[in-house]
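Residue numbers (the working numbering), protein chains in the order written: chain A, 1 to 339; chain B, 340 to 678; chain C, 679 to 1017; chain D, 1018 to 1356.
The set of hints was computed from the structure by calculation and includes no laboratory data.
Where is the CB? At the ideal position from N, CA and C, for every residue including glycine.
A portion of the hints provided could be inaccurate.
Beta-carbon label-pair distances, calculated as ranges [to be verified]:
no., chain 1, residue 1, chain 2, residue 2, range
1, C, GLY772, B, GLU484, 35 to 41 Å
2, D, GLU1097, B, ALA362, 36 to 42 Å
3, D, GLU1097, B, GLU361, 34 to 40 Å
4, C, PRO757, A, HIS32, 20 to 26 Å
5, D, GLY1247, A, PRO65, 50 to 56 Å
6, C, GLU763, D, GLY1025, 29 to 35 Å
7, D, GLU1162, B, ASN401, 56 to 62 Å
8, A, LEU113, B, VAL403, 30 to 36 Å
9, B, GLY347, D, GLY1247, 26 to 32 Å
10, A, GLU174, B, ALA672, 54 to 60 Å
11, B, GLY499, A, VAL83, 32 to 38 Å
12, A, GLU109, D, VAL1094, 43 to 49 Å
4 protein chains.
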Amino acid sequence: MIIVMKQGASKQELADVKKRIEALGYMPHVIHGETRNVVGAVGDERGKSVLQALESMSGVENVVPILKPYKLASREVKPEPSVIEIAPGVSVGGDSLIVMAGPCAVESEAQILETAHAVKAAGATVLRGGAFKPRTSPYSFQGMEEEGLKLLAAAREVTGLPIVTEVVNPRDVELVAKYADVMQVGARNVQNFALLKMLGQLDKPILLKRGMATTIQEYLMSAEYILSEGNRRVILCERGIRTFETATRNTLDISAIPVLRQQTHLPIMIDPSHATGHAALVPSMCYASVAAGCDGLIVEVHPTPETAASDGPQSLRPAEFAEMMTKLREFAAVVGKTI
Amino acid sequence: MIIVMKQGASKQELADVKKRIEALGYMPHVIHGETRNVVGAVGDERGKSVLQALESMSGVENVVPILKPYKLASREVKPEPSVIEIAPGVSVGGDSLIVMAGPCAVESEAQILETAHAVKAAGATVLRGGAFKPRTSPYSFQGMEEEGLKLLAAAREVTGLPIVTEVVNPRDVELVAKYADVMQVGARNVQNFALLKMLGQLDKPILLKRGMATTIQEYLMSAEYILSEGNRRVILCERGIRTFETATRNTLDISAIPVLRQQTHLPIMIDPSHATGHAALVPSMCYASVAAGCDGLIVEVHPTPETAASDGPQSLRPAEFAEMMTKLREFAAVVGKTI
Amino acid sequence: MIIVMKQGASKQELADVKKRIEALGYMPHVIHGETRNVVGAVGDERGKSVLQALESMSGVENVVPILKPYKLASREVKPEPSVIEIAPGVSVGGDSLIVMAGPCAVESEAQILETAHAVKAAGATVLRGGAFKPRTSPYSFQGMEEEGLKLLAAAREVTGLPIVTEVVNPRDVELVAKYADVMQVGARNVQNFALLKMLGQLDKPILLKRGMATTIQEYLMSAEYILSEGNRRVILCERGIRTFETATRNTLDISAIPVLRQQTHLPIMIDPSHATGHAALVPSMCYASVAAGCDGLIVEVHPTPETAASDGPQSLRPAEFAEMMTKLREFAAVVGKTI
Amino acid sequence: MIIVMKQGASKQELADVKKRIEALGYMPHVIHGETRNVVGAVGDERGKSVLQALESMSGVENVVPILKPYKLASREVKPEPSVIEIAPGVSVGGDSLIVMAGPCAVESEAQILETAHAVKAAGATVLRGGAFKPRTSPYSFQGMEEEGLKLLAAAREVTGLPIVTEVVNPRDVELVAKYADVMQVGARNVQNFALLKMLGQLDKPILLKRGMATTIQEYLMSAEYILSEGNRRVILCERGIRTFETATRNTLDISAIPVLRQQTHLPIMIDPSHATGHAALVPSMCYASVAAGCDGLIVEVHPTPETAASDGPQSLRPAEFAEMMTKLREFAAVVGKTI
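Throw the hints in and build the complete structure from the sequences for me.
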């Protein structure tokens, strides 16, 4: 931390700040400037956010953090990228580009099976589908719950595809874990710390989506919640952030890929469906994400989007998905990855 | 809903859209325009978000909702403002301006008692204090949990102030409800629908904070989750939204007050502490909020902000709070409210 | 500036950074940390943004500015508030709250005269009206240009109200200055530095609106452009920033009032009309702004908003404006100001 | 336009709205709904923004535009993509991917010549360099002005590369046009309509950058300003929008590429340097942009970024640029383009 003193702060105020820094277990180090002094507090500031409270001291203008607040998620602590196994032969973070695909919500046996076969044929290696749906409106379809989980498991049975599905309530963690290969945390729950802590105690990969107003630093702190409870299999997923632009549902923050790559060893996926909200925009965003270096994609596919119970406008039809996958292989080849 | 057809959409495409609208239980009504047609779908569109999926139909350019998607929260359904009783003699939404005050987190018996006495003396009528703290970092102080709830109850005992405290986990709802007079849902949980549904089944007022990237319409849909489960005592609270500006922790959306007033009968409070993040900015935002017509304020007060376990920089000292309250009474008088 | 070195940066890299800091005229001061070193560069960093380029040096993680980059706008340089005379007996920044009012655009002699008389009767002390209109669409009404300026001057003649009007093109500065008492720079031109420099050479007050994506720091740098050319009569005006919220045209950043008050001696006005975009929201935002401590307001008033050539929906009718002014006087009295 | 009436609006209010719609030259068409009526106003609403003013009429809830407000920029008017010639043999919008490269600012003859040779050798086909620099601070380097233009012309002379450079002041249009092959409008001037109108009368391609808070619709309206004055050679360029994320200077809105492609025939370029603000992020954003289907890139290159007078941290060194270009050719091949 750097504590910036006010112009004209008194000697006593400076002395008080130094004393307080020492009391908190840091070494104060004053730089006397031309118009004001600044004090460096030497010591590991992570886990000691109380330093920020020095802003309330007399004579202090503001407090500037220097270190990143996360440890386990950090590339400084673990420089080599994490390769996370989802199922035998299916890993994310290595040389193969993983594609998770399927409907927003599981709606029926026919729907999930048809989709599962179609996405597998096109090259997807994980099946997605929601059984517990966090919907903006209480009057919208809320998901098939355990019945939906069973249908996902049935689809896994016949296709061999591992499944990823969302958990929204700490009370359902055990239930969802009974069926899912990968537990998904949705954007709205990225700072649902009670849920994150429980998932940190699980022996299962977690797909953690970025929230729509979560900074990259806060996002890595959410990953840290899971990691610090012992579960090291966290997969990140950027899915669009909220901005002033309304032409798209959210704004895909594609530069989050190289930024996260610099800062963390965790694998990085992209969800172009929720990011854009329009099926016609999805393929080009898949290509862009792979070119930018992501480790995987999660894409919504529905046999008949115009009748989908949720998120129809952003779902690809199976044929559109297959066409996209063909092109995607060419981009993957350029970055040295296989699908 | 208004379905806008593409320029050059065929007669067959238009006919298909009309058929689909009818199949979903609405009356289609075509307006033939100069360059394109639009179709109005007459019928109550609330609770039928499937109409949005028409965007996936051939020939459709986009789908524009016309009605607001909430009912119970709406002023159209209930024109007169809701006055919500928190404790005998303490209500929000009527002629008295309610002020909730206290520390961000309960830290010790001495701290909470000292603060409770001070804020009561200055005119606060509800005591706030966090026992379960949703913190960005897993390494930060996470709250005293049930021990904290007991200290809050003890403070209520001696001061008579009802207490408001946050619940973050559906599994803790029962526990928190044993102690709290008002259950608070924090900004990060505004779309934690599992939690909202449980609180909807409680017989207790809920203080529902707006999320930092929640539109006003989404916010009222979150209120609708609680209302539609049967609990009609929802108190709204704007606490700053996330914008590009970094001089403040968030940007207080003060115009949300008159906008919400137009659209809902629920009481509207303001949290200037989290909105600004700096104690020096809190008093003027309190004055502004009252002048803009809010029903109450929730303000962080700490005896020694420089040692606070969380949110020190935004906490007023008791003397600063008392001074603010004195001035606040003058503004309240202008809008015809008493404190 | 604080230069943060990478973890594991070499001694040579540190030495190179120190050398470069010295070459740029600063004193380097190293703080040796536990995991990395940071270097303070002592000296006035304002006007030397080249320090930021140190980020490109090997071993450097990032560069953190400490000082605010503006001087003349700063309260550190001039602690007492600036009171700026607009016309004999009309000043902004002192004990009287100034209200500028009038139509978005001058449309006809009848329209501007009727409005001028009405706003004067209600207590406004400056008449606003646009003659050069920056419109999003080239097909929208672009203003009456010099003809509009003449009508404004005629309205001044008969009412005695000084006039404020916008200039959008450096080539029109001289022309507009011939008529206007206050030159307005619109939000879209807040970083039109060519225009700002010319206005800095004028002997006339400048009303500088904040841009809709301008941080407070950038905003004060735009003021600094005018001040540094010699014109010290700059009046600031917050008019809403662009956020994700669509219920209002922009989001009024009301906390900008106390933030600016801390940082600058320049007077601070608020434009609630452009901030909200809806007439019904304007009065409460006027009250809030005065309660928060602003020095003045600029409000759109039109005799018949439903026929206005621009910004009708956000214009108050004369009777609504008069009613608002009556209430406003009560709030002004609480903050010790007169209208 | 769709005019949504209030619930309970009277017959008279509806009749007044219909009358007003007719008076403005449209055909009113009422849809009687269950809880409220809506009125379609049939007719070309472009160029008649006065319809929005109907919001001020009694009984009207709001007014929803249906048509896009631009014409000449629209793909509906001109479906085939525009291919714009910059110099003999150099076009943007067709099968070749154009790369413009060079320093942020022209600093000296040696600097611009060294850079020009280097970027040409790597495959760039246009040289960029600023002579008039819009800088946030009046104390920063403001550009070499005409001297800089002369150096750019000299670099063109020896390398054969056409040059693109920014114009910031309507008064300099003629001067800059004397030297430049492409006139650049910077992000801050995207709504400097006086400047746009002058450029619309020029017979030269215009590179129009998106502003950092400009919606895609507003952006196309700015293009429309140039087009409607007669100049049809407008090249669009997304360069990052302002969001809450601070890890990057701005957030590259990569999905603007397919959105613009749907809506306009104009060529679309990307500026990854200003979007990200960090050289290390530039190559992956170049790859992503090409994969997403852009027509060209504009990239900052500087021989010694650590001494650059402006934007050093985001400038690639010549060797980094050359390496990026090699990889870029592989991505271009996948989308069927050549560099």
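To see whether the hints hold, each was checked on the structure:
{"no.": "1", "hint": "C:GLY772 <-> B:GLU484: 35 to 41 Å", "result": "violated (53 Å)"}
{"no.": "2", "hint": "D:GLU1097 <-> B:ALA362: 36 to 42 Å", "result": "holds (38 Å)"}
{"no.": "3", "hint": "D:GLU1097 <-> B:GLU361: 34 to 40 Å", "result": "holds (38 Å)"}
{"no.": "4", "hint": "C:PRO757 <-> A:HIS32: 20 to 26 Å", "result": "holds (23 Å)"}
{"no.": "5", "hint": "D:GLY1247 <-> A:PRO65: 50 to 56 Å", "result": "holds (54 Å)"}
{"no.": "6", "hint": "C:GLU763 <-> D:GLY1025: 29 to 35 Å", "result": "violated (51 Å)"}
{"no.": "7", "hint": "D:GLU1162 <-> B:ASN401: 56 to 62 Å", "result": "violated (47 Å)"}
{"no.": "8", "hint": "A:LEU113 <-> B:VAL403: 30 to 36 Å", "result": "holds (35 Å)"}
{"no.": "9", "hint": "B:GLY347 <-> D:GLY1247: 26 to 32 Å", "result": "holds (28 Å)"}
{"no.": "10", "hint": "A:GLU174 <-> B:ALA672: 54 to 60 Å", "result": "holds (56 Å)"}
{"no.": "11", "hint": "B:GLY499 <-> A:VAL83: 32 to 38 Å", "result": "violated (60 Å)"}
{"no.": "12", "hint": "A:GLU109 <-> D:VAL1094: 43 to 49 Å", "result": "holds (48 Å)"}
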